[in-house]
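Engineer: For reference, the chains in residue letters:
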Amino acid sequence: MQQPVLDEAKRQLAVCNACRYCEGFCAAFKAMTRYRAFDTETVVHMSNLCHNCQACYHSCQFTAPHEFDLNLPRALAAVRVESWESHVPFPRASKLFQSSPLVSLIAVLVVSALFWLIAEVPWISSDTFYDLIAHDTLVLIFSPVFVVPLLILFVGLLRYWRTVNGESITWSQLRESLRSAATLKNLDGGAGQGCNYEKEDRYSQARRWAHHATMYGFLLCFAATSVATVMHYGLDLVAPYPFLSLPKLLGVSGGLLLTVGTSKLIYLKTKANVLLEAPGRRGSDYGFITLLWFVSTTGLLLYWLGGTQLSSSMLILHLAGIACLFISIPFSKMVHGFFRMAALIREAQLRGV
Amino acid sequence: MKVELPEITPDTALIAVGEGQFDFDVIVVGGGNAALCAAIRAAEAGASVAIFERAPKEYRGGNSRHTRNFRCMHGSPKGVLTDSYSEDEFYEDLLKVTKGNTDEELARLTIRESEACYEWMLEQGCYFQESLSGTLSLSRTNAFFLGGGKALVNAYYNRLESLGVAVFYQATVLDVVIRDREFDGVLVDLDGTQKYIRGRCVILASGGFEADKDWLASAWGDAARNFLIRGTPYNTGEILKGVLAGGADQVGDPTQCHAVAIDGRAPEYDGGIVTRVDCVPFSIVVNEEGRRFYDEGEDVWPKRYAIWGRLVAKQPNQVAYAIIDSKSKDLFMPTVFSATVTESLDDMAQQLGLPEDEFLATVQNFNAACQDGDFFPTELDGLRTIGLTPQKTNWARPIDTPPFYGYELRPGVTFTYLGFRVGHDAKVSFGGVPSKNVWAAGEIMAGSILGEGYLAGFGMTIGTVFGRLAGEGAGGYATTSA
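These protein sequence lines map, in sequence, to chains A and B.
The opening residue of the first sequence carries number 1 in the working numbering; numbering runs sequentially from there.
The opening residue of the second sequence carries number 1 in the working numbering; numbering runs sequentially from there.
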């Protein structure tokens, strides 16, 4: 990790720790009170605990033009994104995905083209949902696309766990962290008033709700795929499924939530202050959220288009989007959820849960 | 709300806005807690209100942006406040710190009114938090603002925006025109242009004069030039001085200021809370001649930090050095600047620029006077020196275990006491007769109640209570005289 980024976070944390007015906002400030000085693993841990609610910035009497020049949301965000890249294997891939929002777009186009080619190759069964691309072909492509990125991410998380001196995880630690993540406790401002984001120093719940819609939408879509997998292999029930089936109900509701949530997140981001985020990441953040939006929107369109001619093109775009989303998991903003979960668990351990 | 003002001078004011015409019903001078509470109340009463805040938006809020809580009476647990805190107990606490230098009627009014402030502040968009780590002793008496004073100030400015109050930043009020106890208007410098603005009444809430070192020096001598100012550089007291010269009744005198010992490397202004150095009770404190000058262990730090500003101010060049050894390094709040760390006391003397022989002799004599006994950092442990002058009456442990840690201390001025004498309605009086339409709130009148000493969070209590009173008075006056 780059020393200047760490040093700047340490400098700012020393000022914060002598003040502590923000203690009630979030877990990161509560964690701060355990320390007198901040070593690298502590800074890395705190950076992933920080949810970028920005409340501490707007409440701070030492922000620029004050000579202490505090901007803790940005300082911790800078450490945070570096901590992902330095722990996940293939940092060049991360650099690539973080370099521009266009990377995701180009990836989707390239993969779509690939799928088109594959669809032209004549190992096709013609009587089912899979008449465009054979089911076995899909499985052949998507198994590694699912599994390899998750393996890479897992290695990254293991390395991170070593950096922050993580211990073996208990059920109660996991329960508490999951509750925190499920409610986005650390975006509630400490008194339930929400966070500072799109309205400067006014609190708002908008980002929390938009993130909830996105996260739960994604999980519902994931559940839809999982249920369909079980139905396919376990129950020998082959797609397409009727509307009143679990995969469709989960998928359509998840898709709607994901589309609405990501749209709102993008809108809020246009209103938010770029100087309170990790430097140089606004573009790739847009790219990541747009990719999620693309996947959910093409999925919904696929459903509405039914058996029309357009649906085959839409299926290709949708599948390409999913493939790119999964390939980019360990290298994109997607990792934030996993590292933050790790930080929440580690924080539970450090608090003696 | 953005308001365009006509460019005029005091002489042409009446012509510009016309006899009996006003730019605003209520003019508030200042932009800190008291000013904001006053503006909110006046606007709620239906008055048109303008606030003139001298600071730019980033520094708005005066010293309130550095505060963290307010002291609040309550009969039973209330929100973040535990247990109860009665009027009499609150008043007793005030008597102890002011040594009776208060006005009982005004003090009890402030205390009683503080209880209703809690809910009112919540209604304005303020949030409270549990008392901060290391401040458990205040969890019963003081309600902490979530995010501190700047968050409170933000909430109030947002409230003002919803109420349609006109807020002018970088607006220096140059003169408050009062004739025969009656306010007429203010001359304001707005972004380099002078404008005369008329109002039906005025609320003066522009703080003390601690940032005017000339004024401090006139009372303290040149020593004041070495003082650090813990809060806003904008509290230079011109309004206070001008209106006092115009015959307003005064409380306190200019030698009175609240000063604590802070880190000598703090910025000259606005260092705020983080520049505190809490290691004094576990240290020996020497002046630049290497000699001790006061009992570092007289009482627990929250009860003694406020006398150390004056103690250091009386030392040569207004500087002192607190030295601890590694036994004590984790016993106090972390400091914002790191200590001077050395493996030997000779090195410490050298690095701090102390006369080596004198300093080493001081430590040697101190160490020799320390006695065996049990050390309890959080209570008066009676671990005292014997045969030493000045003695150290608690937590006296030899400074003998390297590494050693040294902190430079200087006086840091928090606020001044000199101000307007106000009545129970927050009105300023002239020659004992209350003004018709001039109110005051906050530090500019706090000396009416807090004659000396300090009680944590009481400044914000006075500001909130009298800000509200002034706002209600001015709002009522403006809307009935319209």
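It should be emphasised that the hints constitute simulated quantities derived from the structure, not laboratory data.
Since the model is a prediction, treat every value here as computed from it, not as a measurement.
Just so you know, even glycine gets a beta-carbon here, dropped at the ideal spot from N, CA and C.
Misleading hints may appear alongside valid ones.
Okay, the calculated bits of chain B under chain A, using three or more residues with CB under 8 Å as the criterion [said to hold, decoys possible]:
(1) 123-136
(2) 197-209
(3) 330-339
(4) 363-374
(5) 434-440
Engineer: The structure should be examined with respect to each hint, and the outcome stated for every one.
Structural biologist: We went through each hint and held it up to the structure:
1. Figure legend: the segment 123-136 of chain B, annotated as covered by chain A; annotation consistent (7 residues with Cβ-Cβ distances under 8 Å, at least 3 required).
2. As drawn, the segment 197-209 of chain B meets chain A at 0 residues by the rule of a beta-carbon pair under 8 Å; below three, the given contact is violated.
3. Counting residues of the segment 330-339 of chain B whose beta carbon lies closer than 8 Å to any beta carbon of chain A gives 6, which reaches the threshold of three, so the coverage claim holds.
4. Only residues whose beta carbon comes within less than 8 Å of a beta carbon in chain A count, and the segment 363-374 of chain B has 0; fewer than three means the coverage is violated.
5. Evaluation of the coverage hint for the segment 434-440 of chain B: breached, as 0 residues show C-beta separations to chain A shorter than 8 Å, against a requirement of three.
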